[in-house]
Amino acid sequence: MTVVLAPIDRSCPADPPWIRPRAAYIHIPFCAHKCGYCDFASLAGADHLANRYLDALAAELELALDGPRPVASLFIGGGTPTRLNADQLSRLLATIARWFPLLDDGEWTVEANPGTLDPDKVDALASGGVNRISLGAQSFQPSSLRALERNHDPDDVSRAVALIAPRFDRWSLDLIFGAPGSTLDQWRDDLDRALALGPSHLSCYGLVFEKGTSLWKRRLDGLVRPVDEEVEHAMYAETIDRLSAAGLLQYEISNFARPGHESRHNLVYWANDAYYGFGLGAARYVAGVRSVNTRDLPAYLRRIESGQDATGPVERLDPEARARETAVLMLRRTAIGIDREDFRLRTGFDLDALCGPSLRRSCSRGWLEDDGRRVRLTRSGLFLADTVMSDLL
Amino acid sequence: MAHDPKFIRNFSIVAHIDHGKSTLADQLLLQSGAISQREFREQLLDDMDLERERGITIKARAVSIHYTLDGQTFELNLIDTPGHVDFHYEVSRSLAACEGAILLVDATQGVQAQTVANAYLAIAGDLALVPALNKIDMQAARPEEIKEEIFNTLGLDPDEILAVSGKTGAGVPELFRALIDRIPPPSGDVQAPLRALIFDSKYDDYQGVVVYVRVVDGTIRVGQKIRLMAMEREYEVIGLGQFRPREVPVQELGVGQVGFVVANIKQLSDVRVGDTITDAHTPAASALPGYQEPRQVVYCGLFPATHNQFEDLRTALQKLALNDSSFTFEPETSDALGFGFRCGFLGMLHMEIVQQRLERESDLSLVQTAPNVTYEIITRKGETLHVSNPTRIPDAGEIEEFREPYARVNFLVPSDNIGAIMALCEERRGDYIKTDYITPTRVIVTYELPLAEMIYDLYDKLKSATRGFGTMDYELLGYRPNNLVRLDVLVAGDRVDALSIVVHRDFAERRGRKLVKKLKEEIDRHQFEVAIQAAIGSKVIARETISALRKNVTAKCYGGDITRKRKLLEKQKEGKKRMKQVGNVEISQEAFLSVLEAGEA
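Protein chains in written order, with this note's numbering: chain V, 666 to 1058; chain D, 12 to 612.
Wrong hints could be hidden among the right ones.
[Unchecked claim] Result set (SDA-like, lysine to any residue): computed pairs, CA atoms no more than 25 Å apart in a straight line:
(1) Lys567(D) <-> Trp881(V)
(2) Lys876(V) <-> Glu585(D)
(3) Lys213(D) <-> Ser373(D)
(4) Lys576(D) <-> Ala1000(V)
(5) Lys528(D) <-> Lys576(D)
(6) Lys576(D) <-> Ile905(V)
(7) Lys474(D) <-> Pro451(D)
(8) Lys578(D) <-> Ser1045(V)
(9) Lys584(D) <-> Glu985(V)
(10) Lys562(D) <-> Gly846(V)
(11) Lys567(D) <-> Ser755(V)
(12) Lys876(V) <-> Gln544(D)
(13) Lys178(D) <-> Arg255(D)
(14) Lys525(D) <-> Lys576(D)
(15) Lys578(D) <-> Cys1028(V)
(16) Lys567(D) <-> Leu1049(V)
(17) Lys567(D) <-> Leu714(V)
(18) Lys567(D) <-> Ser879(V)
(19) Lys567(D) <-> Glu1034(V)
(20) Lys876(V) <-> Arg561(D)
(21) Lys699(V) <-> Thr565(D)
(22) Lys587(D) <-> Glu322(D)
(23) Lys550(D) <-> Glu520(D)
(24) Lys582(D) <-> Gly1031(V)
(25) Lys567(D) <-> Thr781(V)
(26) Lys576(D) <-> Leu719(V)
(27) Lys699(V) <-> Asn816(V)
(28) Lys525(D) <-> Gln544(D)
(29) Lys876(V) <-> Asn563(D)
(30) Lys277(D) <-> Leu331(D)
(31) Lys474(D) <-> Ile444(D)
(32) Lys531(D) <-> Glu1034(V)
(33) Lys567(D) <-> Arg929(V)
(34) Lys445(D) <-> Phe162(D)
(35) Lys474(D) <-> Asp447(D)
(36) Lys17(D) <-> Val259(D)
(37) Lys576(D) <-> Thr781(V)
(38) Lys699(V) <-> Leu719(V)
If you're looking for bench data, these hints aren't it; they were derived computationally from the structure.
So that you can see chain V by itself, here it is in the shape it has in the complex (with noise of 0.2 Å):
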């Protein structure tokens, strides 16, 4: 496997990346409907307020930030961030692009649902300085599509397709398995059929029921049932066999892609380290501390507006939580796992020292395999990576 480490910036030693940001990611609410599995801070039928939206999320950046934050990654995720017109989204990239100039060979991703697609649209991310997209096709099938409370049809993904393909090297599709009442051979279906768009990256995720959404409360009514437990597992290794012998390389537990071709931005999160996170609910890991913004609009937009910070729930973690949170992320990347090296270098903790134990337990189960300088779960611990890392912390 030839994935390498992301580099690690070392232009300010005092200030390293998982103490200062490289990254930032940007939040846009707005979307068309609201689906079925979705708990992101997200709003269907608030367009009205966008414009409002485009200048507080101006107005926090200017409010937290000192000055322009050169960074290595951009990410505009949602919601759905294309809900946005053309000159709404000019705007927004011009007001990124102000604050974070991006740095050599940076990465700038913007999250896309098809039926959302212009060539308006397209022209003004491309012109505007974004580089890679990130398009939620989530499946092919009507049935599953419609059991995701998905509103748009499989057509709509080529056509999307058609649109960023010539203006885009780097394009990624996010697909889901398990919808309720989906089968292994309509997974497959969906595989042949995005691979057959040619995407540079894939992101296949099984479905979660998260707490609170539509579908969670559905299967709780007993609405709609999750697939058999033995299905969702062969449809997960159907995905790393299918997608590898495709040439997209499975880095990360979701993740594949053409070598060289791996999400920067989300490599930053892997790693544990620092990022800036605007606009509503994001996320944000600054020098140490985690924030998270509220996820009540009229409350954001209130906050900002009054040139207050819209700053919810703070985190700090004590030095060894942080390095076993590290242990755990890291562990996510597939293909590096965690370096001894790079581990202790970005925690202060040697890793056997920190969890020998529960790595050799791992190790005997056959769920991690070591080679004396990296740890990284096997194929049999990809399915049980959640008992694996839990016992990391």
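With chain V's structure known, arrange chain D on it following the hints.
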């Protein structure tokens, strides 16, 4: 002040839990001038955290109150008693040191099961009862009705019943007068050799064992050589004192007086509560009538969750035993759980308190097995065995007769709930004895129940069946033969000794089925299939299978998820802490306890 016994009164307050005993005690201290208004705070006499949380006085204490009535100063010794059903025995020993008792009844709630039980204890001990209604300042007080209840249940004259408020102090002067008028003074012989009754003891880090005594005859003095008659040990008195309520040293304690003795006694086991202290040089001819040793009725195994903490657990138990001589522990080895201890308790509440204290004070993570009672077994060879650990029950072929302890249980409930109580007792193999109406709306229902059927959740069930209005009390009756069998549990083919229980043969299959079902819910899935079976001897009577855990992985973890996902993983980890590895299977604390819940009908 002279210790003329004429001017001494010794009394307790007997009451149901929450009827305001401690507040009234504080009020007595306040009005006698022993404490200031500022010090008058709730539950002054309760000084252990756990007691405060539960509102239960666990350890008896004695306070001397000096009160002047019509120009004469009296020494009034208040000997505190616990109110919970498990501590019945401690109530009786406190009462033995008194000539009288305030029978305190909440004027809003009326007579409760422990009111009756404790009042009968006092009457049996020939104590003068001073009945009083408490909380008469409250809106919901129903004094006339409750007086009627007291008359109907205990036959006490309604005109003699006082009315007080521990909170406001109303009626307390009248109460003092009644205590002095109605309770007889102590009647010991001042000239006779010393006889003092030990009614309690506690361990103090600095002084060693502190013994609470009531002097019956003669005088005890600092410097005196004393003998503990039953233990046949001699000590020198190095300190005497009384609680007023602060410790006040005294040089001597005379006939009728109550106080504490410090005599360089190293450990609690050197002192037997109920023993008599006499003078070592001129000993009394006979000891005072003592009382029963506390009886442990509930047993469970306590095991450290991690293997290397056995010695830590032993140390913690020893430390706890310094302060509580009423629980027992002895080493036990379980195939499933390793090295631990089999512990005996006075009741379920006592067990819970000890376990919580162990965890709180020693930071140990414990696995507790389902509580059980002691069985009496007559073997084919004619031996009599007392077995308090289901694992030790011999094979059925060796048993001639299998006996279990019974208790007589009185439920005091609203008459609407008679049906619910009867259903509760019938499904627990109870024998109906009688129903007594104390008023048209409240009854005492009496059942005889196997103790094993009531130790786990009868009290909680009673509370929910009566919306909190029902109360209960029990006394042990002795052993009765029954058709009992040992039900074993096999997990992944291995017998888990710590999960064995004793059940009635007629209930065995139903209980076995429920048990394996319950265990299926409580045992986490593993990476392989796990069979759970219930068996009597070699005959499997129920089986469930826990399917293998095939997939346990969080699909999504990005910036906004990290804290929440980490907490979910921490929760998984936390759950594992109290797990015991049995063969290849991890079994949780909850699973060990769920054995009992499966007993519900």
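Outcome of the hint check:
1. Lys567(D) <-> Trp881(V): Holds: Lys567(D) and Trp881(V) sit about 17 Å apart, inside 25 Å.
2. Lys876(V) <-> Glu585(D): holds, 21 Å
3. Lys213(D) <-> Ser373(D): holds, 20 Å
4. Lys576(D) <-> Ala1000(V): The given pair, whose Cα atoms are some 21 Å apart, holds under the 25 Å limit.
5. Lys528(D) <-> Lys576(D): violated, 30 Å
6. Lys576(D) <-> Ile905(V): holds, 23 Å
7. Lys474(D) <-> Pro451(D): holds, 21 Å
8. Lys578(D) <-> Ser1045(V): holds, 24 Å
9. Lys584(D) <-> Glu985(V): Holds, at about 16 Å.
10. Lys562(D) <-> Gly846(V): Roughly 18 Å between the alpha carbons, so the hint for Lys562(D) and Gly846(V) holds.
11. Lys567(D) <-> Ser755(V): Not OK: Lys567(D) and Ser755(V) at ~30 Å, beyond 25 Å, violated.
12. Lys876(V) <-> Gln544(D): violated, 35 Å
13. Lys178(D) <-> Arg255(D): holds, 20 Å
14. Lys525(D) <-> Lys576(D): violated, 35 Å
15. Lys578(D) <-> Cys1028(V): Roughly 24 Å separates the two Cα atoms, so the pair holds.
16. Lys567(D) <-> Leu1049(V): holds, 14 Å
17. Lys567(D) <-> Leu714(V): Violated, at roughly 29 Å.
18. Lys567(D) <-> Ser879(V): Status holds; Cα separation ~18 Å.
19. Lys567(D) <-> Glu1034(V): holds, 23 Å
20. Lys876(V) <-> Arg561(D): OK: Lys876(V) and Arg561(D) at ~22 Å, within 25 Å.
21. Lys699(V) <-> Thr565(D): Satisfied, since the Cα-Cα distance of roughly 22 Å is no more than 25 Å.
22. Lys587(D) <-> Glu322(D): OK: Lys587(D) and Glu322(D) at ~22 Å, within 25 Å.
23. Lys550(D) <-> Glu520(D): holds, 11 Å
24. Lys582(D) <-> Gly1031(V): holds, 23 Å
25. Lys567(D) <-> Thr781(V): Roughly 24 Å separates the two Cα atoms, so the pair holds.
26. Lys576(D) <-> Leu719(V): violated, 30 Å
27. Lys699(V) <-> Asn816(V): holds, 9 Å
28. Lys525(D) <-> Gln544(D): Cα-Cα ~11 Å, so holds.
29. Lys876(V) <-> Asn563(D): Distance of about 17 Å is within 25 Å: holds.
30. Lys277(D) <-> Leu331(D): holds, 15 Å
31. Lys474(D) <-> Ile444(D): Distance of about 21 Å is within 25 Å: holds.
32. Lys531(D) <-> Glu1034(V): Violated, at roughly 32 Å.
33. Lys567(D) <-> Arg929(V): Satisfied, since the Cα-Cα distance of roughly 16 Å is no more than 25 Å.
34. Lys445(D) <-> Phe162(D): holds, 20 Å
35. Lys474(D) <-> Asp447(D): holds, 20 Å
36. Lys17(D) <-> Val259(D): Holds, because 22 Å separates the two Cα atoms, which is no more than 25 Å.
37. Lys576(D) <-> Thr781(V): violated, 31 Å
38. Lys699(V) <-> Leu719(V): holds, 21 Å
The structure does not agree with the numbered hints 5, 11, 12, 14, 17, 26, 32, 37 stated previously, though it agrees with the rest.
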